[in-house]
Amino acid sequence: MSINIYGSPALPKTHTLTSTGKLEKSGIDLGPGLFFADGKRKVDYVLCYKFKKRRISRGRLSIASNGSIPIPIPGLWEMDPDSGEPGGGATSGDAEESKLSEEEKALMREEFETGLLDAGLQIERDKEVFIRLHIPWAILSREAELQKIKVAVKKVAFSHFYTLFIIAKTFICGGMVVPQVLHEEWANYGVMHKYQPVDLIRKYFGEQIGLYFAWLGVYTQLLIPPSVLGIIVFLYGIFTVDTNVPSQETCDDNLNITMCPLCDGVCDYWRLSTVCSLAKASYLFDNGTTVLFAIFMSLWAACFLEHWKRRQMCLKHTWDLTSLEDEEVPYLRPEYEEALQEKKAKMKAKWKKKVLYLIVMTCGGAQLSVCVCFQVFVTFSAVFGVAVYRICMLSVWSMNPDPEAKASVRMTVTTTGIILNMLVVLVLEEVYGAIAVWLTELELPKTQEEFEERLIFKSFFLKSMNAFAPIFYVAFFKGRFSGRPGDYVYVFSDYRMEECAPPGCLIELCIQLSMIMLGKQLIQNNVFEVLIPKMYRTIQEQKGKDRGGEEEMDEAEEKRSKQQFHKDFALEPFEGVSPEYMEMIIQYGFVSLFVASFPLAPAFALLNNVIEIRLDAAKFVTEIRRPDAVRCKDIGIWYNILCGISKFSVITNAFVISFTSEFVPRMVYQYIYSGNGTMSGYTEHSLSYFNVTNFPPGTAPNTTVSMCR
37 MSINIYGSPA
47 LPKTHTLTST
57 GKLEKSGIDL
67 GPGLFFADGK
77 RKVDYVLCYK
87 FKKRRISRGR
97 LSIASNGSIP
107 IPIPGLWEMD
117 PDSGEPGGGA
127 TSGDAEESKL
137 SEEEKALMRE
147 EFETGLLDAG
157 LQIERDKEVF
167 IRLHIPWAIL
177 SREAELQKIK
187 VAVKKVAFSH
197 FYTLFIIAKT
207 FICGGMVVPQ
217 VLHEEWANYG
227 VMHKYQPVDL
237 IRKYFGEQIG
247 LYFAWLGVYT
257 QLLIPPSVLG
267 IIVFLYGIFT
277 VDTNVPSQET
287 CDDNLNITMC
297 PLCDGVCDYW
307 RLSTVCSLAK
317 ASYLFDNGTT
327 VLFAIFMSLW
337 AACFLEHWKR
347 RQMCLKHTWD
357 LTSLEDEEVP
367 YLRPEYEEAL
377 QEKKAKMKAK
387 WKKKVLYLIV
397 MTCGGAQLSV
407 CVCFQVFVTF
417 SAVFGVAVYR
427 ICMLSVWSMN
437 PDPEAKASVR
447 MTVTTTGIIL
457 NMLVVLVLEE
467 VYGAIAVWLT
477 ELELPKTQEE
487 FEERLIFKSF
497 FLKSMNAFAP
507 IFYVAFFKGR
517 FSGRPGDYVY
527 VFSDYRMEEC
537 APPGCLIELC
547 IQLSMIMLGK
557 QLIQNNVFEV
567 LIPKMYRTIQ
577 EQKGKDRGGE
587 EEMDEAEEKR
597 SKQQFHKDFA
607 LEPFEGVSPE
617 YMEMIIQYGF
627 VSLFVASFPL
637 APAFALLNNV
647 IEIRLDAAKF
657 VTEIRRPDAV
667 RCKDIGIWYN
677 ILCGISKFSV
687 ITNAFVISFT
697 SEFVPRMVYQ
707 YIYSGNGTMS
717 GYTEHSLSYF
727 NVTNFPPGTA
737 PNTTVSMCR
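With the first letter of the sequence shown counted as 1, position 658 gets the number 694 in the working numbering; the numbers rise by one all the way through.
Because the hints were derived from the structure by calculation, they are not lab data. Cβ atoms here follow ideal geometry from the backbone N, Cα and C, with glycine treated the same way. What you were told as hints is all true, and nothing was included just to trick you.
Below, computed lysine-lysine pairings styled on DSSO-like, alpha-carbon distance capped at 27 Å: (1) K669 / K683; (2) K669 / K230; (3) K352 / K239.
Using C-beta positions, here's what the derived DEER-type ranges look like: (4) T279 / H721: 12 to 22 Å; (5) R667 / V463: 34 to 44 Å; (6) D356 / M447: 56 to 66 Å; (7) V566 / S529: 42 to 52 Å; (8) A375 / G226: 47 to 57 Å; (9) D356 / E147: 35 to 45 Å; (10) R667 / Q377: 28 to 38 Å; (11) M703 / V666: 48 to 58 Å.
Sequences and hints are given; from them, build the entire structure.
Below, the structure is given as C-alpha cells:
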C-alpha cells in the first residue's frame with residue numbers, strides 16, 4: 037500500500053534532500069524532486085532501464101494518479117544505428133545474464149507501457165529513461181499478466197530491463213521533514229545517549245524495519261547488565277592473580293620443571309616457567325567467578341527473550357498489527373507459478389518426457405543435500421587446514437637458532453593461525469550467502485514468506501557453522517587426540533597433532549573468540565556497511581556525470597532542476613533486513629555460546645551495538661535507496677533461532693567449564709587430593725613424569741635430561 041496521498045497540494049518551500057541524502061535548508065521548491073513538472077502531482081515509485089548508447093530521443097515516463105491523457109510513443113524503440121540494437125537495450129553485462137534478446141526486451145517494455153497508457157495513467161517525458169509510477173510491487177507482480185507483461189512476472193527477468201525503487205518522500209513532523217528529524221535525532225553519533233524514535237522509523241520505513249531497530253534497541257539495552265558483570269569478573273581476576281597458587285607454581289623457577297619437546301627432532305626441552313605470562317592471562321578469564329557468570333548468562337538469555345516478547349506485543353498493539361494475519365492473503369510466488377505452468381505443459385507431453393521430468397525433479401532434491409554436505413565438508417576442511425598450518429609452522433619456526441624467537445614460537449603460531457582463521461571465515465561467509473540463495477531458489481518455495489524462511493535458515497546454518505567451527509575445534513577437540521610422550525598421534529606421518537599449553541586451551545579459546553568476534557564486526561562495519569555503499573554511490577554519480585557530459589540537452593531540459601530520483605538512483609539498492617539480523621544473531625551466538633571463556637564478550641558487543649545502531653541509521657537515511665514499506669507482525673523465524681541459540685548455549689557453556697576450563701580439575705584436587713584443602717601442589721600433581729629413554733629413536737633432542745613432564 038502506498039504511503040502517498042494524492043490530491044494534496046504542493047508543499048511550500050522548505051527542506052530538501054541533497055545528493056548525499058543529508059538534509060539542508062534551501063529555497064528550492066520540492067516539486068522537481070518529488071513531483072511532476074507542475075509541482076502538484078506526486079510520484080511514488082520509479083522504474084528505470086538502461087541504454088547501451090543514447091543517441092535518439094528518449095522519454096522518462098512518470099506515472100502518478102489515474103487520468104486520461106494518452107500520449108503516443110511512436111519511434112521510442114528505434115534501432116541504435118551503431119549497434120543495430122534497440123535504443124532501450126540493457127548493458128552488455130545484463131545481456132549476458134538475461135536469456136532474452138535486446139529486441140524482445142524492447143518489445144516487452146513497449147507493450148508494458150502501452151498497457152499502462154490504456155489503463156489511463158499519466159506520462160511525462162524527458163531525456164532520462166525513468167518510469168515513475170504508483171503501483172506497489174506486490175500488486176505489480178500479481179497483475180502483471182493483465183498488463184500484458186507475462187514474462188516479466190519473474191523478478192529476475194523483470195530486473196534485466198527495469199529497476200524498481202521508491203524515491204524519498206516528504207512527511208512533515210512537528211514542522212520538520214521526517215528524514216531531517218531522523219537524520220538529526222537518530223542517524224547521528226552525537227545522539228547515542230537518546231532512545232530511538234521507533235514510531236517515526238516505522239512511519240517512514242515501515243513495520244519490518246521498525247521492528248528490526250526496536251529489537252536491536254532491546255538487545256543492546258539488555259546487554260548492559262552482563263557487560264557490567266563481565267567486567268567485574270575480569271577485574272576480579274586481575275586483583276587476585278597474584279594470590280593464585282597454580283599461577284605462582286607455574287612461574288616459580290625453583291621448581292625446575294622440565295617439559296617434553298613440542299615437536300620431534302628439532303624441538304628442545306623447555307622450562308614450564310616460560311609460560312608464566314600465559315598462565316596468569318588464563319586465570320583472568322578462568323577463575324571461580326566465571327562459573328557464576330556462565331549461570332547468570334543462561335538466565336539472562338531467557339529474560340531477554342521474554343522481555344522482547346512483551347515489547348513486541350506492545351508494538352503490535354500500538355502499530356495495529358494484531359489482525360495482520362487475518363488480513364493478509366499468502367500469494368504464490370511468480371517463479372512458482374511459472375514453474376507450475378511449465379510442469380503442466382510437460383505433463384501433457386509424451387510419457388517418456390514425463391518420466392524424464394520426474395527424474396530431474398528428484399535429482400534436484402538430491403543435489404540440494406549433496407551441496408549442503410559439501411559445504412559442511414569445506415568448513416571443517418578449512419578448520420583442519422589451519423590446524424595443519426599451525427602444526428607445520430611450529431616445527432619450522434622451532435628450528436630458528438634465535439632463543440628469543442624460540443621462546444615466543446607458540447604465541448606466534450597461535451596468533452597467525454587465528455588471523456588466518458578469521459580471513460577464511462570472512463571469505464566463506466560471502467560464498468555461503470550466495471550458495472544459500474541458489475539452493476533456496478532450487479527448492480522453489482510456494483510463497484514469499486516460505487522462501488524467506490528457508491533462505492534465512494540455510495544462511496544461518498551455513499554462516500553460523502562457518503563462524504563457530506574454529507571455536508568449537510579449540511574448545512572441544514584440540515589436544516584431545518595428540519597422544520602422550522612416546523606414543524604421539526601424527527598427521528601425514530611426520531607432524532605431531534597440536535597440543536594445548538600447560539595452563540589449558542581456554543586462553544587460546546579466549547583469544548580465538550575475541551579476534552574472530554571483534555575482527556569480523558570491525559571489518560563488516562567499516563568495509564561492508566560504510567566503504568562499499570560510499571564507493572557504490574561515488575561510482576554511480578561519476579557514471580551519471582559521464583553520461584550527462586555525452587548528451588546534448590536542449591534549453592528547456594537544462595533549465596530544469598535535477599530530479600530527486602536521479603539523486604536516489606545513485607544510492608545503493610536496499611538488500612533487505614536479513615543481513616542486518618544475521619550479523620546481530622551471529623554476534624548473539626558469540627556472546628551466549630562461549631561466554632564462559634570470554635566474559636568480556638557482552639561488553640564488546642554492547643560497544644559495537646551502540647555504534648551499529650547509529651551506523652545502520654545513517655546507512656538507511658543517507659546511503660541506500662529508501663526501501664518499500666513491508667508490514668509484518670513480528671521478527672519471524674529469527675525469534676526461533678534466538679530460542680535455539682539460548683538453549684544450546686547452556687550445553688556449550690557447561691561443556692566448556694567441564695572439559696576446557698581448569699575449574700573442575702582444580703576443585704577435584706582441592707577437595708579430594710589436597711592434604712590441607714588448598715591448591716598448593718596442584719601443578720606438580722597435574723603433570724606426570726616420562727623417561728626420555730622411551731622416546732622412539734631420532735625423535736628426542738640431544739640434551740642430557742633423564743625425565744620430562
